[in-house]
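Using my numbering, the first residue of the sequence shown is number 1, and each one after it goes up by one.
Errors might be hidden in some of the hints.
Claimed, not checked - With a cut-off of at most 20 Å between alpha-carbon atoms, the simulated EDC-like pairs for lysine to aspartate or glutamate come out as follows:
1. K91 / D68
2. K91 / D51
3. K91 / D78
None of these hints come from the bench; they were simulated from the model.
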Amino acid sequence: MKLLKANDMRVDYDPVEDMPDFREWVAANGSSFDFSDYIHAQVLRGALTADALMSVILLVWPSFVEVDGFVALQSRRDRVRELVSQGVTGKEVEYWCNHLNIDGLLPGIEVSLNECGLKKQAQHVI
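Could you build all of it, start to finish, from the sequences and the hints given here?
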C-alpha cells in the first residue's frame, strides 16, 4: 500500500489501485462485484470474522459518551474515573480516553508520520 504525502494527494486516486486481492476478485467475478461482496466472501472463508468486521467499523465510526463532564470513546468510558483518580485532569483525561494507537494494527504495513506528511501537523496538535 502506498503512503501519499499530504501535498501529493491525487484527485484521481482510486484506493483499489492498492488492493491487489480485491482486484483479482473483481476480475474473476465481473465488474458488478463490489466491496460488500468481497467482505462477505472473506467472512465466509473465515478470513474476516463478523467480530473483526464490526471492530473495524467501530474503529472508523466510534461512539462517544459523556462521563463526569468528559467526552470519551464508549469502549473506554471506564478509564475516565480511573484517570481522574490518578490525578489526571482536563484535556489529558479526554486525550488518553480517546487516543488510539494504530501502529502495528496491520502487521507488515509501516506507519510513518514523516511519509504521511503529518509529523509537523501532529506537533501542533499536541
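Exercise for review: Decide if the proposed pair is consistent with the structure: K91 and D68, CA atoms, cutoff 20 Å inclusive.
Suggested key: Holds: K91 and D68 sit about 13 Å apart, inside 20 Å.
Review point. CA of K91 to CA of D78, is that 20 Å or under?
Key: holds (16 Å)
Check your understanding: Quick one, are K91 and D51 close enough, alpha carbons at most 20 Å?
Key -> Violated. K91 to D51 sits at ~31 Å, over the 20 Å cutoff.
The structure shown violates just one earlier hint, number 2.
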